[in-house]
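Read top to bottom, the protein sequences are chains A and B.
Letter by letter, the first sequence follows residues 1 to 163 of my numbering.
Letter by letter, the second sequence follows residues 1 to 116 of my numbering.
Derived by calculation from the structure, the hints in this document are not laboratory data.
Each statement offered as a hint is correct.
Below, computed lysine-lysine pairings styled on BS3-like, alpha-carbon distance capped at 30 Å:
no., chain 1, residue 1, chain 2, residue 2
1, A, 87, A, 101
2, B, 69, B, 58
3, B, 102, B, 69
4, A, 101, A, 68
5, A, 163, A, 101
6, A, 68, A, 87
7, A, 101, A, 81
8, A, 6, B, 74
9, A, 68, B, 74
10, A, 68, A, 80
11, A, 87, A, 163
12, B, 102, A, 6
13, A, 6, A, 68
14, B, 58, A, 6
15, A, 72, A, 87
16, A, 80, A, 101
17, A, 101, A, 6
18, A, 81, A, 68
19, B, 58, A, 72
20, B, 106, A, 6
21, B, 58, B, 102
22, A, 68, B, 58
23, A, 6, A, 72
24, B, 69, B, 106
25, A, 101, A, 72
26, B, 58, A, 163
27, B, 74, A, 72
Example chain B residues on the side facing chain A (calculated, C-beta under 10 Å, incomplete):
no., residue
28, 35
29, 53
30, 56
31, 57
32, 78
33, 84
34, 86
35, 88
36, 90
37, 91
38, 95
These numbers come from a predicted model, not from an experiment.
For each residue, glycine too, the CB sits at the ideal point set by N, CA and C.
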Amino acid sequence: MARPAKREVAETCFELLNIEMVRLYHEKDDTSTARAALESIGFQVGHQLAERYSMDRPRFSEHLDVIKFICKEFWIELFKKPVDNLKTNRHREIFVLHDNKFRWLRHVSLAANTPQGSELVARYLVFPCGVVKGALASFGVPCEVTADILDTPGSCSFQVRIK
Amino acid sequence: SDVDPLRFHFIVHCALDVVDERLSNRSKGSSGGDSFLGLLYLSEDYRIYGYVTNTRAKLVLVDDDPEPKEADIKESFRRMHAAYVNAVSNPFHRSGQVINSKSFTKALLQIAEGTR
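Based on the sequences and whatever the hints tell you, model everything.
This is the structure:
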């Protein structure tokens, strides 16, 4: 019996929605309110995606397994590639996820090495931070997630600070 | 059949206690583990099975089949998990609240009837 094909949506739809979402929230509110709103939208999305993507996986035994899952399977589902580099501090409370070519920045034309440029580009990283935070929270790893843009275009890092 | 739903609530609540116990025992010992927790306990006419997801959602299955087959139970849990994921992915669902979805209820009924 043939399985019905998985329903798919063009990625462009998401990209356009993302652009509009960032614009809308920053237009109607000040920066910190807009960031809080975008992060909480990301949080809910991350929570729901975590349910779906972790469905067929065996249970995680510790925080490190969860982080590795985020860096590999979760990142691949969302961004079609795994995280390029993972660093952690000695006590494993801070993890830094480095992506050389972050998919949601690939169409950003603005140079991020000017102060205004970097603030504007940073707006697009709030939602993905929320997604990571929401996913980790759903696995029982409460944390704060922030992002930094790095020098190479499209390159960024996410800092996960476990609470 | 006209079974008292309150009785099932009681059975499921006891089951959740057993699940919590199993999970806290598990964390003291070995690595990882299965989502399927196996038979939690027996209650007069019913066998109660447990399953926990990576996101710490607990699924409890109450079975009155006198000759249970573990493969069927596992398959039912797999389908319940899939129905749960679909229900939770609803953007109008609020995390932590009771799931209020006709398609979720329908899916669960189908799973329950399928094992008869």
